[in-house]
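If you want the building blocks of each chain, they are given just below.
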Amino acid sequence: MLKVFSRPERHSLYARQTFNEIENLGLKSVGIVAIISVFMGGIMTLQVAYNMNNPLLPTTLIGLGNRDSLILEFSSTIMGLIMAGKIGANITSEIGSMKVTEQIDSLEIMGVNSASYLILPKILAVVLIFPLLFILSVFFGILGGLIVGPAVGAVSLPDYLQGIQFNFNPYYVTFSLIKCVVFGFLIASIAAFFGYSVEGGAFDVGTASTRAVVNTNILILVSDLILTQLLL
Amino acid sequence: MIKISNIYKSFDHKEVLKNISKEFKKGETNLIIGRSGSGKTVLLKSIVGLLEIDCGSIFYDDRDFTSMNLKLRKKLRQEMGMVFQGGALFDSLSVEANVRFPLDMFSMLSNAEKQKQVDYCLDRVNISDSNKMFPSEISGGMQKRVAIARAIVLNPKYLFCDEPNSGLDPETAILIDELVHQITVDLKITTIINTHDMNSVMEIGDNILFISDGEMCWEGNRKEILSTDNQKLQEFVFANKQYQKLRDDKMNE
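Protein chains in written order, with the numbering used here: chain A, 1 to 232; chain B, 1 to 253.
These are calculated hints, taken from the structure and not from any lab test. Accuracy of the hints is not assured; some may be wrong.
[What the hints assert, rightly or not] Just a sample of chain B residues kept apart from chain A, beta carbon distances all over 12 angstroms, derived:
#1 L168
#2 E219
#3 L226
#4 K232
[Stated by the list, open to error] Label pairs and their computed distance ranges (CB to CB):
#5 V214/A with K26/B: 48 to 56 angstroms
#6 F203/A with H196/B: 49 to 57 angstroms
#7 L132/A with D119/B: 34 to 42 angstroms
#8 G206/A with K132/B: 28 to 36 angstroms
#9 E137/B with G200/A: 33 to 41 angstroms
#10 L225/A with R73/B: 39 to 47 angstroms
#11 L225/A with S110/B: 51 to 59 angstroms
#12 F203/A with S5/B: 53 to 61 angstroms
#13 E199/A with P170/B: 30 to 38 angstroms
#14 R73/B with G206/A: 32 to 40 angstroms
#15 V181/A with K14/B: 42 to 50 angstroms
#16 N20/A with M133/B: 16 to 24 angstroms
Note that the structure is predicted; figures quoted are calculated from it, not measured. The beta-carbon is built from N, C-alpha and C at its ideal position, and this holds for glycine as well.
Start from the sequences, fold in the hints, and give me the full structure.
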């Protein structure tokens, strides 16, 4: 880690690399985040509606339930687990392949701090982009509920719209943004660590990717538990 | 000039290099030869510092590499160029960007000057129309040539090549050998090449070190190699019938 956060050789090159990583790891994940979130929001709306068969409970709670579940847990933690698979495996396999094909040795021979050059931009990119993906996920999740809920008759459109605006607590968003920064750091750093320590060939790169994803998922859940206890 | 003295290296208590000493001369093509698994690559990687030696010393001219801290080593490495066995070009960068990378990282040249230097190096290795292609789109021989261009773009004082012509057809292998030899002579740099290719040895071997089972067995030049009485070297060199014939012809003369 000390090597990763040491002073870059050329700041402009690192900045360019960070923007490339934001595009590769972040912007190229927008599609999958949108698709998953729309379905997640739609399914959540149906399940909340299904469990609210008491006539004393107003149907506006369906929108509220969907919104708060997305903000507090689904768009941060579930998205974190999914991104650990997508972004994490990508990082491990990319760095691992560079290791086994001597590209990392090649950087070292040039006098480049390979750990810093390859890992730091990825960590910065994921930490910066993950909170934005979270906000997009909440938006698409609420949109999913808006489409599915009224379409199947689980909730009327005005009730859903009223529900998603009712009793909004901005701190929930702050809490989840903090989680996203932590999850982003975990995803990029654990995946990079496993990639950078690969020895062998293609088989070992595959094994390292799997181990990186499993370890990241476990650490995301553990840190979720700790952060929830500390911050809520 | 690179001077190594009494180098030992082991992995998991198994000695891979045992007491190797040698002076690699400037302006000459220095070869490390030996069978596969004899310790050539470990020796080369130890010399450049990719592997830490157990004991011994490595001097780059008058600078003691083994006692240098990381910062000094990084500075010295900017004077090195290395061609890896598989080329080790960056997959995500085009041919031109690969060659330009060390300049972007370390030089203070303007963009136009960098471009001029990149064009010169690519021209030097006879690559001119594949600048925008990616490593996966060019042949193995071209990848090696691009790797050589990248290795020389910062005008290094020391050039290292790990089996530069492995996996190449004989014609391309000779071209690569000649290219490295020419660059060594023209730029007056210290070049060390790892190889087990006898054609390379006979073509460009100015100063040869033969290692077997991690031990230094013989040193000399390409003229002396044919008349050697070293048993292990004879087995290595004359495994090829062509060289047996060459030796017999020489003896008959």
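Verification of the hints:
{"no.": "1", "hint": "L168", "verdict": "17 angstroms, holds"}
{"no.": "2", "hint": "E219", "verdict": "25 angstroms, holds"}
{"no.": "3", "hint": "L226", "verdict": "34 angstroms, holds"}
{"no.": "4", "hint": "K232", "verdict": "29 angstroms, holds"}
{"no.": "5", "hint": "V214/A with K26/B: 48 to 56 angstroms", "verdict": "52 angstroms, holds"}
{"no.": "6", "hint": "F203/A with H196/B: 49 to 57 angstroms", "verdict": "26 angstroms, violated"}
{"no.": "7", "hint": "L132/A with D119/B: 34 to 42 angstroms", "verdict": "40 angstroms, holds"}
{"no.": "8", "hint": "G206/A with K132/B: 28 to 36 angstroms", "verdict": "32 angstroms, holds"}
{"no.": "9", "hint": "E137/B with G200/A: 33 to 41 angstroms", "verdict": "27 angstroms, violated"}
{"no.": "10", "hint": "L225/A with R73/B: 39 to 47 angstroms", "verdict": "44 angstroms, holds"}
{"no.": "11", "hint": "L225/A with S110/B: 51 to 59 angstroms", "verdict": "54 angstroms, holds"}
{"no.": "12", "hint": "F203/A with S5/B: 53 to 61 angstroms", "verdict": "39 angstroms, violated"}
{"no.": "13", "hint": "E199/A with P170/B: 30 to 38 angstroms", "verdict": "33 angstroms, holds"}
{"no.": "14", "hint": "R73/B with G206/A: 32 to 40 angstroms", "verdict": "33 angstroms, holds"}
{"no.": "15", "hint": "V181/A with K14/B: 42 to 50 angstroms", "verdict": "46 angstroms, holds"}
{"no.": "16", "hint": "N20/A with M133/B: 16 to 24 angstroms", "verdict": "19 angstroms, holds"}
Figure legend: structure checked against the earlier numbered hints; hints not met, in rising order: 6, 9 and 12.
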